[in-house]
Amino acid sequence: MKNQFLSTLVMLVMVGATAQKLKVQEGDFENLKGIGTYTVVFDYTDVQIPKFENEEEFLKDKMDKREKKEAGDGERFKNDWFNDRPDRYHPKFIESFNKRFDGEVKVTEDDAEYTMKIHTTKIYPGYNVGIVRHNAEIDATFTVFKTGDEGNTLFSGSYRDVQGSGAMGYDYNSGYRISECYAKLAKNIAGVIKKKVLK
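Here this note's numbering is used: the first residue of the sequence shown is 244, the next is one more, and so on.
Treat the hints with care, since some could be wrong.
Unchecked claim - Result set (SDA-like, lysine to any residue): computed pairs, CA atoms no more than 20 Å apart in a straight line: (1) Lys442 with Ile278; (2) Lys342 with Ala355; (3) Lys389 with Asp271; (4) Lys321 with Lys342; (5) Lys342 with Val284; (6) Lys430 with Gly279; (7) Lys294 with Trp324; (8) Lys308 with Ala355; (9) Lys442 with Asn431; (10) Lys439 with Val267; (11) Lys389 with Phe272; (12) Lys360 with Arg331; (13) Lys365 with Arg328; (14) Lys438 with Asn341; (15) Lys360 with Asp404.
Don't read these hints as lab results, they were simulated from the structure.
Assemble the whole structure, with the sequences as input and the hints as a guide.
Next up, the structure:
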């Protein structure tokens, strides 16, 4: 029984490591050499929510359930779902990315010569109902191009199933759980830039 548990644990760790490994889609890390500042932009076009046809169906389902419990809760959920992007996810990504460097590389929402676009293609909000919880997960592609010339990709790569760590199990808010995915995504991207570009 103990051996079976250990085997399962090792397999889960290996699956997690594989899922969060960068898949290069276009370009080369050499193209990023010498870039110190990126304007970071976030794109949620056609984002998929597991178990739902699309984001609209997900929102309708969650809003309807909340409205049945208390009038106005559905609309509050929808507002939070979209407001969490600029209020939680973007600042968390920027903070997590920038703290990995000593100023030699950074991302900013101000104008810069080069742009890093974070296109989120999947969001799984996870859940925490006290005795049972599951991390949130995102899939995302990051693409680098000279600002104003998006058609000329310098580099593009993607990550799957990026999970954020919870707040010692007290992550009852979906916005918080998802924001931790963006912190992890930023850590992954910063790590690969340090390894491949600043080597």
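Status of the hints after comparison with the structure:
1. Restraint check: the Cα-Cα separation between Lys442 and Ile278 comes to about 14 Å, which is no more than 20 Å; the hinted pair holds.
2. With a C-alpha separation of about 19 Å, the suggested pair Lys342 and Ala355 falls inside the 20 Å cut-off, and the hint holds.
3. Between Lys389 and Asp271 the CA atoms are separated by roughly 14 Å; this keeps the pair inside 20 Å, and the hint holds.
4. About 31 Å separates the Cα atoms of Lys321 and Lys342, which puts this hinted pair outside 20 Å; it is violated.
5. For the hint linking Lys342 to Val284, the alpha-carbon distance of about 18 Å falls within 20 Å, and the restraint holds.
6. The straight-line distance between the Cα atoms of Lys430 and Gly279 is roughly 17 Å, inside the 20 Å bound, and the hint therefore holds.
7. Taking the CA atoms of Lys294 and Trp324, the gap is near 17 Å; set against the 20 Å cutoff, the hint holds.
8. Only pairs whose Cα atoms come within 20 Å are accepted, and Lys308 paired with Ala355 is rejected, the gap being roughly 43 Å.
9. Restraint check: the Cα-Cα separation between Lys442 and Asn431 comes to about 16 Å, which is no more than 20 Å; the hinted pair holds.
10. Between Lys439 and Val267, the direct Cα distance comes to roughly 12 Å. Compliance with the 20 Å bound is thereby established for this hinted pair.
11. Between the alpha carbons of Lys389 and Phe272 the distance comes to roughly 14 Å, so the proposed pair stays at or under 20 Å and holds.
12. Distance restraint check for Lys360 and Arg331: the Cα-Cα separation of roughly 17 Å lies within the 20 Å cut-off, and the hinted pair is therefore satisfied.
13. Only pairs whose Cα atoms come within 20 Å are accepted, and Lys365 paired with Arg328 is accepted, the gap being roughly 14 Å.
14. Proposed proximity of Lys438 and Asn341 is supported: the alpha carbons are some 15 Å apart, at most 20 Å.
15. The suggested pairing of Lys360 with Asp404 holds, with an alpha-carbon distance near 18 Å, which does not exceed 20 Å.
Violated hints, in rising order: 4, 8; the structure is consistent with all others.
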